Each structure stands twice: as structure tokens, then as C-alpha cells.
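Colleague: Protein chains in written order, with numbering that gives the first Met the number 0: chain A, 0 to 503; chain B, 0 to 358; chain C, 0 to 305.
Treat the hints as calculated values from the structure; they're not laboratory data. Please read all numbers here as calculations on a predicted model, not as lab measurements. Just so you know, not all the hints are guaranteed correct.
Under 7 Å between C-beta atoms, here's a sample of chain A residues computed to sit facing chain C [unchecked claim]:
hint, residue
1, Val84
2, Phe104
3, Pro105
Which bits of chain A does chain C cover? Going by a derived footprint, with three or more residues having C-beta under 8 Å, they are [what the hints assert, rightly or not]:
hint, stretch
4, 58-67
5, 94-101
We treat Cβ as the ideally placed atom computed from N, Cα and C, and that holds for glycine.
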Amino acid sequence: MKAISKSFHGIHANQDINLFVESGEILGLLGENGAGKTTLMNILYGLYQPDSGQIKINDKTIRINNPIESINHGIGMVHQHFMLVQNHSVIENIALGYKDTPFFFPKIKIKDKVEQFSRQFDFHIDITKKIWQLSAGEQQRVEIIKALLNGADLLILDEPTSVLTPLEIKELIYILREMKAKGHMIIFISHKLDEIMDICDRVLVLQKGRIVGAADTKDTDKKSLARMMVGRDVVFNINREKLTKGKKTLSVENINVIGDKGLLAVKNISFELFKNEIFGIAGVSGNGQRELAEAITGIRPILSGKVKMNGQDITNKGPRHIYDNGVSHVPEERIRFGIAPGLFLYDNAILKQHHLKKFSQRYFLKYDQVKNHTKTIVKEFKVSTHSINNQIRNLSGGNIQKLILGREISEQPQLLVASHPTYGLDVGATEFLRKHLLEIRKQGSAVLLFSEDLEEIFELCDRIAVIFNGEIMAVLDSDDKRFSDIGLMMAGSIRIDPMEKQEC
Amino acid sequence: MLKIKTTDRYDITPLRSFMTNILSLLAALVVISIIFLIAGVNPLFAISEIFSGSFGTFYGIKETITKAIPLILIGTGLTLAFRAKFWNIGAEGQMLMGAIFATWTGLNFGGALPSYIIVPLIFLAGFIGGGLWGIIPAILKIKYSINEVISTLMLNYICAEFLMMLIVGPWKGKTRFGFPGTDNLPDSAILGLIPGSRIHYATLILAIICAIVLSVIIYKTRFGYEVRVVGENPDAGRYAGINFLKTSLILMAISGGLAGFAGVGELAGIHHYLGYPASISSGYGFTAIIVAWLAKLNPLYAVFSGIFFAGILVGGDAIQISLGLPAATVQIVNGTLLIFLIMGDYFLNHKITLKFSNK
Amino acid sequence: MEDIIISTLQRAMVAGTPLLLATTGEVICERSGILNLGVEGVMSMGAVVAFIVTMTTGQPWLGVLAALASGMMFSIIHAFASVTLQANQVVSGLAMTMLGLGLSGMLGKPYVGKPLLIKMEDWVIPYLSDIPYLGKILFSQGPFFYIAIFLALAAWFLLERTRLGIQIRSTGENPKATETQGVNVFKLKYLSVIIGGGFSALAGAHLSISYSKSWIEGMTAGRGWIAIALTIFALWNPARAIWAAFLFGGIFVVQYLLQPLGISPNFLAMLPYIATLLILLLISLKDPKKLNAPAMLGEPYKRSER
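Hey, can you work out the whole structure from these sequences and the hints?
Modeller: Below is the structure:
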């Protein structure tokens, strides 16, 4: 790829990027969220058209107008969010993308071929199962089979490890090495330094849409890569003061919750949370975190068990009642739950608060107060917008997130349930937010923090629970030495007896 | 080659929105003209006839206002329902149910009560009737997730048959010479008209008050806020702890109730007795859908779009007589207008540029 | 008594035929993620076109083809609005209903009340029609009956056993993923809407040239809406639509059967509509997750560049 540029709404997502891959090579593409890695790869895959620049394969300049052409040129892509039809079976998903699928009886006719491929690479997948019945690792393998069946020489993997357990990551690495040995080219996109160092032969570092560094992995180290990636020496160094925890705020007692698929997603979970404490729930996403958060905040019904806030039963009391008991919520799917896109910023700033005395008087809303409140949030959380009389759909994802965070945090909740609060934020905003979380902790809030980012968890949390497959594998103080095995806990291989935890 | 490029537009001003509507209407007019042409009618003549028939004469204006009354009432009610993305297609049935309730009240109590009591009473009865018929689909939707488009439509058919059952059966009037229909309402329950017209002014005033009240409800109250949130994003509504059942019940009670008002107006202002369903409402419930849409779901604008569509109805009647076109002509006009209005939204929300490229 | 039962069932099959055609069409359409509420209007168009062409040419099959073509062409409007312009599918469907009823009323005005003298011969299947009871009910019906069942089975085969079917269903479930697999989802949505429209028009043709052999305004009498409800009842499966449609055909016929018993005809006329609500109520008692509704039904798909 030569001199590729692409911009959205006048913002450069990619600028003047040059990139090449050789066969039998794994190229790492390193950069923070929003550095332009995915955009670049979507251009290569034909989903976007570059504003300028060229793409060459074997020295021949080509134009990739759509994914079909890309597939025909031997390019395959595994997207970060899998492009799979959840309600269809594995074989139907493969038949959808495979270019030699026959018109009649596609499922029966390609079965042999698929099974042969999956044996060749040691995939163990039941092809009659529906996608939603598979684990993330298995789904990813389906994606890889799809690409390989179409004869992909170049495989692009976009953040492939973000949804995997450590064990699954090992399996993935094994598969990638196999492919490399067979002469495939692989572009491996990640923001995790360890993986890049571990897997890749060569690495390119992207920052704000430009390439800021390139190196062979054997000639470099993590520290210098990190410097290139962020553009400065940042080690998040947030000082978490020791605080003695206050009285009990939240107690969750043996709750069971049904997930979207009708199966038990949260199994018999119990824990307690105190004032002045940040309690982290670590784990690979999709292990019941979302369901747990939604159950506590009242969006999702609890099958059995109890949730108490300050001793008061709030089980299944409904989101408004629970909010009134001091529970704020930054939901995982922010765009889905957090906003009403066509309404103004100030309408959105009181989504959960509009019934409070402060903003409404009997039947009427006090729009003056609402607007003042919105202005405060916009200012304090640096939401960039030209006006609060702006439909929130016009804002970027990061700014929407800041508004939601502001809305949920600025009121100093007794308990904040926050799911991946820094996901998708830039470095500055992340730092600000983390400091803010510690600040409300200091002032007496309890925070229940769900995160996949272990660095974040260890930095902020006083105690950490590890969740796997809807169960808590361990609850430990964050400085507990046994956390050296957290990877195994996240994969469900180690469980620390709850009785032991009491003593810590 | 000519390439069409579309990008999202983020600067939607009220003026642009208004102009898009006007352009959509003009585009629809072109298509309607073509249909007229194919039907063998000079479109310029037909269209000028429609507007002169409705707004061109004093008689036309009076008739237009008469027909605008139910359209404004139902249309404002629909703006509220549609804001919550509750697709109430059942205004027709709710209107009839309002008329049925009002008839019962009028026939049973009207004789003994003076006008200033019985008239508010039949309007109240109409509101209750329409409202009750309106909350059935709300319950069905929230409690049993039954699509409201289907349920409200089915309830239209059911209500029309129910009304027929009443007027050929137990409610059949002695003065109807065996034809279906109830006896006339007592004089005290009959609405006054503006002299020389069929405009029952009490309902007209009520319609305008309703439009004002509804716009306050939508834009200023907590309930209105909740309706807008639910309509924009039901998941956000759930997250915000909005009670869907309560919200839907209230909004459908209002939406159905206003349709019920319209039914009372037609009954007590125009017909004076309960007759065939098609005579009480000649498709007002459906026309009002476009009234609400053209008004951009703003109740105050619905007053004007209601008058506009009443004009088309009156003008449509006029060309039926003068050009021998079928009654369905109005439906063609309405359908075309509606489809162009929603298509216009795309051009409002997107910027479209044509680009010449060599490739 | 036996005769009454047989003739009732026979008529139930006839009454169920248009419902089956329209439901099958709507299933295909909704499987691609597009909700088409314009069935009633398209059906009405099909009815009037079939009637006019048959009447003027004397060729019922020409009438059927003309209806099919008109339904397909008419549906392009809905496809354009809801696919290309990403308009609200509910409102677009309503507009289609108004437009269809209006246009058919205008086109058909000269033909109102004129009887159609041309008859489509029943297809009596040799041997099978001699089976006691079943032979009369199932194997000596008008051609539309067989066409409807054939098309429903063909639709099932298309959706479940062909590559195109997988693509259509994937489009309704997850258009974005489908598109990244190199499938043109816009084309597929257009195709599905147009096929669906053609089927609805066939249903109308059956009503005017086979069932009642006449044309009057409003003769579709809400059957289009019932077909939309049956689509849900059939769980978006054309094979299930077969028995769902004939069950409803039975409800239409039962009206006439009960009339002599002194029940108000107006009450009986309500039955199909009440039954529709009851059946939807029944379905809702099932676990909604198992309803099998296309995940992105009614959601406009926008090819996104962020």
C-alpha cells in the first residue's frame, strides 16, 4: 500500500501511509484506539475507498472496490467484531461467504470441504451448531476458516485477542504460526505490546493516522514501541491513596440471571461492596459481566437471589427505583442504552435524572435548570459540541461517552456501576476519567468497575473479582500475590475458594 | 460517468426542513399530475379544481374547515402516538367507538339535561370510548408484544362491525323506516353551527385547544419527555427506568380519546344520529396519518396540515363530481403525498452531490 | 352432514389460498429484513389488474401474469423508499396501502359490479381425486390452490436449501456481516420486496378472477393485514404458512356456516379479525427468543462510513 490517505468529515483517519508485507511473514500493526488501524485495513479489504494512494499486489496496481474484489485478490479479514450471523449455523455462515458455494443444497455440498479444512488446522468445531452457541474463540476460528476457504494468502486480523481467554490466545498463536509456515501473510492488528512482540516478525506503529515507527521485533523492545505508540513516555501513574473502607453499600447475594440466549449467564454470584472502595470485575468479555451489571441496575430481571443497597432490598425493583437508591450506571452498550439520538444534548443529559425534584416540578420539566446542568457537564467533562441545542447523534462516539459519564458521575452517586468506562477514549480523557473515579471514591462513593483492561483494573481497584462463565473464580485484594495467576483464573482453570478470601 | 455521492448532513435547520417538505409536496404533485394524465384528465385543470373547490369559494372554505375539524383532532393525537413510535392506525375505530359512547349517553340522558351539561357529557363519553378502544392495542403491545399496526387495524374492522350490529339490532331507531341507524339525538345534545355553514364551532375550538395542550405536553412535560425518549430509543427508555406500560396507556388514551372527540363532532355536529360507519368517518383516521406526518409530528403544525388535507378532501369531492373521477382519487393523492414526504426525509438528512469522474 | 363438512373444508381451502400466497410473499420480504405493510394495497392492485386483463382479453392466465407484473412493479416503490432512501418502513407501507387501494379503485371504476363470465377450470388430479374425502378437498381445486401450495414449498426450498436463500436470510439477520462477505444486500432486499409484491398480487388475482369473479372496491377486506399477522404466526417459515393460511380460510368460511343459526352476521364478520388478534396473543405466549423473527426486521440498513 502506498501513500494511502482517508478522511472522515475532514478528520484524517489515515495520512500518507506506506505498508508492505512479504509471504510467510506476520506484520504487526500497533496503535492505540482510534489511531486508524482499522480504517487502513478496511481500505485494503475494499470496504472504504482511499481518498488517495495506491494498492499493489505482486507489483501490480489494483483497485479494490468492494470485499468481493478483495477476496478475489486473496485477501481475507477477520474483523474485531465478528461478521457472523448469530442465528445461523456455522455451515450457513461459511456458505454465505465462500465463493464456490453451489446454488442448490449448499450446506450439504460444502460440508466435506469445510471439515477437511478444519482438520488440517486442528480446528474443532461442530458445524451444525448456531454461532451464538459457540465461544468467542470458536467463532474466530469460523472466521479464519471462511477466509482460508476463499484462498486468502493475506489474512488481516483486527484485534483478534481482545475477546479471547489466555488459553484461546495460545491456540490462536499456534494456528497463526501454522499458517505462516504454509506461506500465508498475516497482518496482526493490536494495541497490546506483549502480543505484538510475541507473534510478529515486523511491526509498524500508527499514531493519529500516520506511521510513526517501524521495526523488526527482534531489534526492538516493548519500551521503545510504547514510546512510539503514545508519542511520549507515559506510564499511567495514578496515585491511589490507601483509604479505609466505609460501611457496606451494596450486597449481592447468590443471584442468578438469564442472558439474551435464554441460558443462565450469571450463576450464583455473591459479593459485597463498601464505601470508599473500587471493586473491579475482571474477565474476558462475554462471561456474564454485562448481564450482571444490567441485573444490578434493574434493566435485566434477576431469576433468584437478592441485591441490597444500604441494607434495602432493590432486587428487580426497576431502574428508576434503583437509581433513586443511589445507583448510577454507565452501560456497556452506550449508544444502545445511553442516549436518545434524535434528542438534544440537554434532553440526554437528564435521561436518568429527569424525574428528580431538581429537574421537574409535578408534571413539568424545569428546562432552565436542565440546561444549566448540561452546560456544567459539557464544561467539566470537555464534551466538544458547538451548542447544547444540538442533537446528540451529531456528536462523535467519544463525546457521547463523555456526556454519559458526566451525567452518571457528576451527581456523586453512592454506587457507580461502570462497564468499560474508558473504552474508546483517548489517552487524555482516560487519565481524566480514572482520576475522577478515584476522586469520587475518596468522597465516599463505591464503584463497581467492569473492565477487560487488566492494567486499568489493577491501577484503580481495591479488590478484584475474576469472572468466568458467569461464576466468580476469585475475589482478592488487588495487591494479592495470587494474582500472578489471573490469566488462568480468567480462563476458568484456577478457582480460589471463597472461604480463603475471607481471611485476606 | 456521473457518480452520486451521499453524505450525512448534520446541519438541519427548520427552514431547510420546511423547504424539503414543500419540495416533496411539489414532486408529489408532479406524479399525481401524471396519474391524472393517464386517467384521461387534464392535470392542471384537476389540480386547480381541487384547490379552487376547497379554498377558492366561500362555500369551499366553509366545507374545508368542517372537514378539518376531525383531521386536526385525530392528527394531533397521532403526533403524540407517532412520537413514541406507536403506530396507531386505529383512529378510524377509535373515532367510531367515541361516537358509539356519545350516542348512548346522548340518547339516554340527553332528553332530561340542558345543553351546557349534555354537550360536555357526550364529549367526555366520546373521549372515554375512543380512549378505551385505544388502550387495548397498548396493552396488547406492551404486555403481549403484539404489533400495534395489526392490532389497531383489526380493531377498526371489529369496531365497524360492532357499530353495524348495534344499528341494525338493539339501537335501531323507530324513525328510520327500517333502515340501519339510531334515532336522532335530542336537540340539547346537537352542536351549534356557524350560521350558513356546517362548522360545529364547539368542536373546532376544542380541536385547537387540544393542539395547543398537546404541544405543551410533548415539549414541556415529563410525560412528553418520556414519550420522546421511548420513541427515539426504547432501550434508553428502559435504562432510564421509564414505565412503558404506563406511558403507552396514557398516550394511547389521549390519542384514542382525541379520535373519540372527532367521532362526537361528526355525530352531534353533522349527522345527529349514529348511522353507517362509513358515513361517520370517511377515512379520516387514515388521512390523519399524513396530517401528522406532514406536521413533522408537531401538534401545532397539525392544525395547518389538517386544514390543507381537508382542502384536498373537499377538492377531491369537487372533482369527483365535475370530472367523474372515483372516490379513490383522494386516496391516490394521499398515498402519493405521504410517500414523497417520507422520501423527502432522506434528502433532508443527507447531502447529495453529483460528481463527474472519468472512471 | 358429511357433504357439508366436505364442502366447508373445500371452501376453506379456496378462502385460504389468497392468504397463503400473500403470506408466502411477506415471509420472503421480511426474511430480507424489510417489513412491507403495503400487502393490502398490492393485493388490491393485483385483483383489479387481473380482472381487467381477463375481462378484456378473455384469457385468465394473461390476467394472472399481468397481475404478477403489476405487483412486482408496484412494489419497487416500497423497495426504493425503504432500501435506497432508508425511509420508515411502517409509514412507507401505509402509503403503499393507500396508493394501491386508490389506484385500483380508479382503474377498476368502470368494472365495478360486472360479472366475469370466464371461468378457470378446476384441476382435477387423476387418481388422487378419487380418494374418499381428501380427493374432493385437496385434489379437485382451482389452479390457484395448487399454485399457492407449490409457491409456498418453493419459497421454503429457496430460503432453506439454496445459496440465495442463505444470503436473503443473512441479509435480514445481519446486513453488515452479509455485505462484508461480498453479497450485495441492497440487490437482495430489492429482489425480496419485489418477489413478495408479486405474490401479494397473485393473491389479489385469485380474489377477483377465481374466488368472487367480480371487482368491487375494498374487496380485499383486510386480507393483506391478516397475511402480515399470519407471517408472524408462521414464524417466518413458508411451510408453516400453508396450514396457518388454511386454518384462517376455515375461519372465513365458518361465518357462512353459522349464519343459518341466527347469529348476527355482523358478529360473524368480526371473526377473522378477532381470530387474528387471538392468534397473535397465542404466539406471544411463546418464548419471544424462539419466535425466529429476522433480527434486523424493519431496521433501515445504512452502509456506514463511520
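Colleague: Does each hint fit the structure? Answer for all of them.
Modeller: Verification of the supplied hints:
no., hint, verdict
1, Val84, "5 Å, holds"
2, Phe104, "6 Å, holds"
3, Pro105, "5 Å, holds"
4, 58-67, "holds (count 3)"
5, 94-101, "holds (count 6)"
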